[in-house]
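There are 2 protein chains.
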Amino acid sequence: MKASERHIAEGILFTDQYQLTMAQLYFRMGMHEQPAQFDHFFRSYPDYGGHKAGYCINAGLAWLVDWMREVRFGPEEIELLRSQRGQAGQPLFADDFLQWLGREGTFEGLSLRAIPEGRVVHPDVPLTVVQGPLAMAQILESPLLNHLNYQSLIATKAARIRQAGRGQLLLEFGMRRGPAQGANAGARAALIGGADFSSNAGMSHVLGFSPKGTHAHSMVQAFMALGQGELGAFRAYAEVYPDDCLLLVDTMDTLDSGIPNAIKVFEELKRKGHEPLGIRLDSGDLAHLSVQAARMLSQAGFPKAQIVLSNQLDEFTLWQILSQIGQEAPQYGLEPDDVIERLVYGVGTRLITSEGCPALDGVYKLVGVQARGEWIPAIKVSETPAKVPNPGDKRAWRIYDRRGKATADLLGTAEEDPRRMKPLRLQHPSEQETYRILDPKEISHIEALFCDILRDGRQVYDFPSIEQIRELRRKDLDRLDTGVRRLLNPHLYHVSLTGRLWDLKQDLIRSAQEGAASE
Amino acid sequence: MKASERHIAEGILFTDQYQLTMAQLYFRMGMHEQPAQFDHFFRSYPDYGGHKAGYCINAGLAWLVDWMREVRFGPEEIELLRSQRGQAGQPLFADDFLQWLGREGTFEGLSLRAIPEGRVVHPDVPLTVVQGPLAMAQILESPLLNHLNYQSLIATKAARIRQAGRGQLLLEFGMRRGPAQGANAGARAALIGGADFSSNAGMSHVLGFSPKGTHAHSMVQAFMALGQGELGAFRAYAEVYPDDCLLLVDTMDTLDSGIPNAIKVFEELKRKGHEPLGIRLDSGDLAHLSVQAARMLSQAGFPKAQIVLSNQLDEFTLWQILSQIGQEAPQYGLEPDDVIERLVYGVGTRLITSEGCPALDGVYKLVGVQARGEWIPAIKVSETPAKVPNPGDKRAWRIYDRRGKATADLLGTAEEDPRRMKPLRLQHPSEQETYRILDPKEISHIEALFCDILRDGRQVYDFPSIEQIRELRRKDLDRLDTGVRRLLNPHLYHVSLTGRLWDLKQDLIRSAQEGAASE
Chain W
1 MKASERHIAE GILFTDQYQL TMAQLYFRMG MHEQPAQFDH FFRSYPDYGG
51 HKAGYCINAG LAWLVDWMRE VRFGPEEIEL LRSQRGQAGQ PLFADDFLQW
101 LGREGTFEGL SLRAIPEGRV VHPDVPLTVV QGPLAMAQIL ESPLLNHLNY
151 QSLIATKAAR IRQAGRGQLL LEFGMRRGPA QGANAGARAA LIGGADFSSN
201 AGMSHVLGFS PKGTHAHSMV QAFMALGQGE LGAFRAYAEV YPDDCLLLVD
251 TMDTLDSGIP NAIKVFEELK RKGHEPLGIR LDSGDLAHLS VQAARMLSQA
301 GFPKAQIVLS NQLDEFTLWQ ILSQIGQEAP QYGLEPDDVI ERLVYGVGTR
351 LITSEGCPAL DGVYKLVGVQ ARGEWIPAIK VSETPAKVPN PGDKRAWRIY
401 DRRGKATADL LGTAEEDPRR MKPLRLQHPS EQETYRILDP KEISHIEALF
451 CDILRDGRQV YDFPSIEQIR ELRRKDLDRL DTGVRRLLNP HLYHVSLTGR
501 LWDLKQDLIR SAQEGAASE
Chain U
1 MKASERHIAE GILFTDQYQL TMAQLYFRMG MHEQPAQFDH FFRSYPDYGG
51 HKAGYCINAG LAWLVDWMRE VRFGPEEIEL LRSQRGQAGQ PLFADDFLQW
101 LGREGTFEGL SLRAIPEGRV VHPDVPLTVV QGPLAMAQIL ESPLLNHLNY
151 QSLIATKAAR IRQAGRGQLL LEFGMRRGPA QGANAGARAA LIGGADFSSN
201 AGMSHVLGFS PKGTHAHSMV QAFMALGQGE LGAFRAYAEV YPDDCLLLVD
251 TMDTLDSGIP NAIKVFEELK RKGHEPLGIR LDSGDLAHLS VQAARMLSQA
301 GFPKAQIVLS NQLDEFTLWQ ILSQIGQEAP QYGLEPDDVI ERLVYGVGTR
351 LITSEGCPAL DGVYKLVGVQ ARGEWIPAIK VSETPAKVPN PGDKRAWRIY
401 DRRGKATADL LGTAEEDPRR MKPLRLQHPS EQETYRILDP KEISHIEALF
451 CDILRDGRQV YDFPSIEQIR ELRRKDLDRL DTGVRRLLNP HLYHVSLTGR
501 LWDLKQDLIR SAQEGAASE
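As given, the protein sequences belong to chains W and U, one line each in that order.
Residue numbers for the first sequence, in the numbering used here: 1 to 519.
Residue numbers for the second sequence, in the numbering used here: 1 to 519.
I should point out that these hints are in silico values taken from the structure, not numbers from a laboratory.
Be a bit skeptical, because a hint or two may be false.
The list cannot tell twin chains apart, which means a pair is met if one copy fits it or any two copies do.
[To be verified] The calculated SDA-like cross-link candidates involving lysine to any residue, where the alpha carbons are at most 25 Å apart (straight line), are:
#, residue 1, residue 2
1, 387, 229
2, 422, 28
3, 52, 264
4, 270, 28
5, 475, 28
6, 405, 372
7, 2, 72
8, 2, 231
9, 2, 74
10, 52, 312
11, 272, 100
12, 264, 492
13, 387, 472
14, 387, 260
15, 52, 283
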């Protein structure tokens, strides 16, 4: 795409066509400036080929707000809309609507409440709540979901990979297989969710991180083609980067050529007073090769040299690799932990595409409209009770048990405060007979989850740094029960309703069904 | 991301860190301006959960070239690199290298040959060939793969979905679940590979398409909350869009409320002289509901009203839906084809994420370096013979049989012309004893696959429009054997080598192995 086209494709027209036709309909019906509320939430945890996650990590909010504050309907956008024709050849958008859009077509009238980035989040709990004029809140649907679904998906995958890797250094390597420019959002989300660093040079610099990397096979191949062999390539690398020497050892043969050549070069570096960093393994049986590499490097006097693993890694392959190291290392007289503590993971494709589950099912649902100064809750009936969104203006709370572990998220109406409800009744969101009663002494803390982000378009929130966001993620994961955090078959975390919200939901379902029947 | 950060994150630093450190190494060793050749190709067809595709559709080239021509190392990029420190706290990049990068750090010295977008392509055949100074050709690796892998992946998925949908109108609806800004590349690729239109407003306008859409549940909900019900919402829509009236009928109850209300409104429209467009089904048993909707709409006098289907569609769900319509339609006295011909598919998540296979394994491999004016082919040895890239400067040809169907792609050295080889021997790329001999009378046509795109940075190719690219796709798919085109268990298309290229490859493997052994 040319730069001259990008400002259109990435501006306020980065939305779905039907948002614009609905906005015109609201305008024509005089409803366009009627205050409305939309909730953004996801319905189910990512399901990685049959294995559902037990939690998600929230991400993407800061970039959404940056985008909302930068875009608007300018003359170019208005002209493009004016040019569009309907089936009968007539202009699809009328002049009066386009004039209104040119004048009022910004997100400056919207208020936004949200759960901060980095926090552990669960299905059906609103992550983002938008209030404001119906037409502009409607136009925001597609870009909001686009900004938030993908980053939360990738942050979640990164958290799982970090967990499987037992906290060893994790590098995001996904650009080459990432989704076009979306690779930048993917790198950011990976850094939020669990990656320590990224190989993405531009994005790392923008976010204040030092980009990381090793070298490619092509470097070794170039030296080989010019008659200098793998050893020549390694020597050149060591000469240019004596204090950052990390060598890729599988261009020819890992055990017979790569590691022995790397050790030769490391010995030369050591004699010159430099500490080599380590090696990278990018093919073959990574667990077996890790054990062999650890043994060979230690025997040669490099017991601290890192072993960077890459090649189709994710939480499941890491799990398998670490299990196999646990079995194989003792056969070679090594402590498994001594091998594992040297590992660094370079994770590309399967992180940036969320292998096994390439999309988060986030939705944006109308939950209320204001008429004559009063909020009227809205409902969408579904044949599956669990798919009926929770109506009206709500607040989200997190309940911590006596151990300080999160035990449930609770949704209530805006007027309710669960800190004053004793005992606290946690109602299942779609099954009337299922509820829990919590005695005050079982609760250590009840936390409000929402922060005000925008108030009538004005930013009232200081966006935290990536490092601060990661601190939230670490704190939340520590307060999650290990059963919920489990990578396979996690315990189901409870998301509950207050009794009053349950009653409101049931009343609305009933009257919607009666309304439909009598039409 | 703020606009002020975007030009860094999407500029020339949209690459992996190790490309920059390797470039400095080449600079230090005096190899940075040595001409090199890299081939871009993919190794295997996308594998959708155990079912491999039989072909891919090439896409992404025009945007890659736009990007290459726009980016360069400017003062800001140089300063960011200058600020980076190594492990020992020393600057990672030296002044002389940064000065060279500031002066020569563009892609203007590169030449590029490629198979055009829209063409059917196969594994191991170079899709893009880059020749030019080693350092800049190396830096291009990550952005090239990023631009081409994702668009080819999505174009391929779109072609498969179109095939499963028996050519009925296909709309791309993926923005909300798409990978951040990558959703724009996804929309373009979908339009190349098989989608007729997209709901993505900005991207459609940029590419000269009319964006398409219907309306959302939220519109019906808003009218319901304000006491006007589903019928009120439909009437409003028909009033504003009398000639483009397409109604979403599943907000309440599809058969008992949605379709009867839509029919009421369609009758009102008809009385005013307008032709309603149709309905959209977004939940439930889409095959069953399609048959019922077709029946109800036809009985009411709307035999041409479209039935738009959406909700987690891809090639496999469409296949199932069309099979089920084949079984159910006759039970209600309908011809299955009469139902199917009314269908339009809105495909979102599973298209834009390539459900089942979220990445294409495209790689970029050094195949030659020039020294003293002569090209020296480069090789990368692998324990898996099929993973050894084909060395040197090559040409790619497509052989058509007497029926005019493509029967094999053939790679040969730059000097060879298979049109002069009679009979033609097609050598398997990794198994010596496997080959085919084609008699001249079995061949109707031999086609050169590469086009020159850039010559020393100068564009020597007129990029075709999306419509022209689609024409290439349609033509190529028509010339593909139906066995290869099959969605499940396709026949394997042959990619072969000439005898001379086979010999070169074996010689290089042998001498690389001997070189490694003697080091």
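Exercise for the section: Hints the structure violates: just list their numbers, smallest first. Expected result: Numbers 2, 3, 5, 6, 8, 11, 12, 13, in rising order.
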